[in-house]
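Each protein sequence line maps, in turn, to chains C and R.
Every letter in the first sequence is one number past the one before it in full-length UniProt numbering, and letter 120, counting from 1, is 120.
Every letter in the second sequence is one number past the one before it in full-length UniProt numbering, and letter 40, counting from 1, is 40.
Calculated directly from the structure, the hints in this document are not laboratory data.
One or more of the hints may lead you astray.
Identical chains share a label here; the pair holds if one copy fits it or two copies do between them.
As a list, the in silico DSSO-like pairs of lysine-lysine whose alpha-carbon atoms are at most 30 Å apart [to be verified]: (1) K43 / K182; (2) K182 / K148; (3) K141 / K182.
Remember, predicted model here, so these are calculated numbers, not experimental data.
There are 2 protein chains.
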Amino acid sequence: MTGTLTIAGLGPGDEALVTPEVSAALVDATDVVGYAPYVARVKLREGLTLHPSDNRMEVQRANDALRLASEGCRVIMVSSGDPGVFAMASAVFEALEAAPQWQGIAIRVLPGVTAMMAAAARAGAPLGHDFCAINLSDNLKPWSMIEKRLRLAAEADFAIAMYNPRSVSRPEGFGRALSVLKEASCGERLVIFAHAVTTPEERIETVMLHEARPEMADMRTVVIVGNSATRRVGSWVYAPRHAR
Amino acid sequence: MTGTLTIAGLGPGDEALVTPEVSAALVDATDVVGYAPYVARVKLREGLTLHPSDNRMEVQRANDALRLASEGCRVIMVSSGDPGVFAMASAVFEALEAAPQWQGIAIRVLPGVTAMMAAAARAGAPLGHDFCAINLSDNLKPWSMIEKRLRLAAEADFAIAMYNPRSVSRPEGFGRALSVLKEASCGERLVIFAHAVTTPEERIETVMLHEARPEMADMRTVVIVGNSATRRVGSWVYAPRHAR
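Bound-form chain C, shown alone (with noise of 0.2 Å):
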């Protein structure tokens, strides 16, 4: 038997966002590794062993998934969302660099419906002009870094979608980040916090950026920044496509 890695984007909860590519992967799977929460919405059938693990985990489960393969095993590889996006197929890609005897394994990559699609069309269409998509924690980078990008971002009037806003581990970093875009003048942006979106715990918020809190995030938040010219229609908020 030939083994394979299948890394795949189970979207960002709802099971109608579930692609039937990644869906078909699932059937054929023997073996599914991913974050523990993310494994538990893959549903248990004979034939197939599910190897949950813990989150910050990314290169040993990398690894994990990549033995299995190599001995043989139909590995399908869970992230949330999108797997390029912030998620498991970087990590898997670093893992193969280091591991030349594997790198005659055949994988794949499906893409999903990463968080920032599905937030934005709840709210309307604030990601209808150009935009961009910052991860927020400094776990892997410095957060010099991090506040250099928001402050060119907002100077190139990107909508800005900023993931993995505030944890337990790093209360603080998303109240700078929303210092240093009000600093750069983005005080009457819109802005829109999207909860657990698909989920039964969805909850958007939209605020204008001056009154927007730091506890208005968690680590299910995505927070999207409009750009200068986004704007509201009823309950709707979207990007124009004109710009000047």
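For this one, chain C is given, so just place chain R on it according to the hints.
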């Protein structure tokens, strides 16, 4: 009968990337509105009327969809990829803002897999670190704004996904975009040209920026410029999660 308007993304091309949520909305619809090549992706059936329209007719198309919904139809507006990324969602809200009589219509936006995510999955994980998405069409914004954003994106060391890089009516811009990035010292960055991703015409090509030529792109290409750390492992291209 109460009319509704559903703004849906069909994904990049492969039917296996259409979400079940969108498939269900297509079953429920009475009318499909959209740019002709996207409407052509919907299977005709009894009780379903197709309303294909030409390119660049976005606002008229949005008005047509809203009018049909106001008359009691269950309208689905289809875009390729995600409807909120350089697609029809913003145009609908723009039309809605100008038409208070339609602001009571029940509207839903259904996300999809946008082209850059599908392209990134085919290439590896080039969007695994912070990134931005820029529409290179200057139909609705001045070219100077595009150049400014490219310069700032390079300075921020974002990976850069470029949509609509080149068309028959805009043959020159993409070459200028490549020059701007070369001037911004991005010559040694990896660039992925992803043409018609997930369709039978798919073609993925990765070169160094200094080797990139304008004619490598057309309107069906998404171009992803890696960040300064983006690298190859075997045939894959990925952005490391760490940055200094």
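Okay, the hints, checked on the actual structure:
In the homo-oligomer, the alpha carbons of K43 and K182 never lie at most 30 Å apart, since the shortest distance is 45 Å inside one protomer and 49 Å across protomers. In the homo-oligomer, the alpha carbons of K182 and K148 lie at most 30 Å apart both inside one protomer (14 Å) and across protomers (21 Å), since each shortest distance falls under that limit. In this assembly of identical chains, K141 and K182 lie within 30 Å of each other by CA distance both inside one copy and across copies; the values are 23 Å within and 25 Å between.
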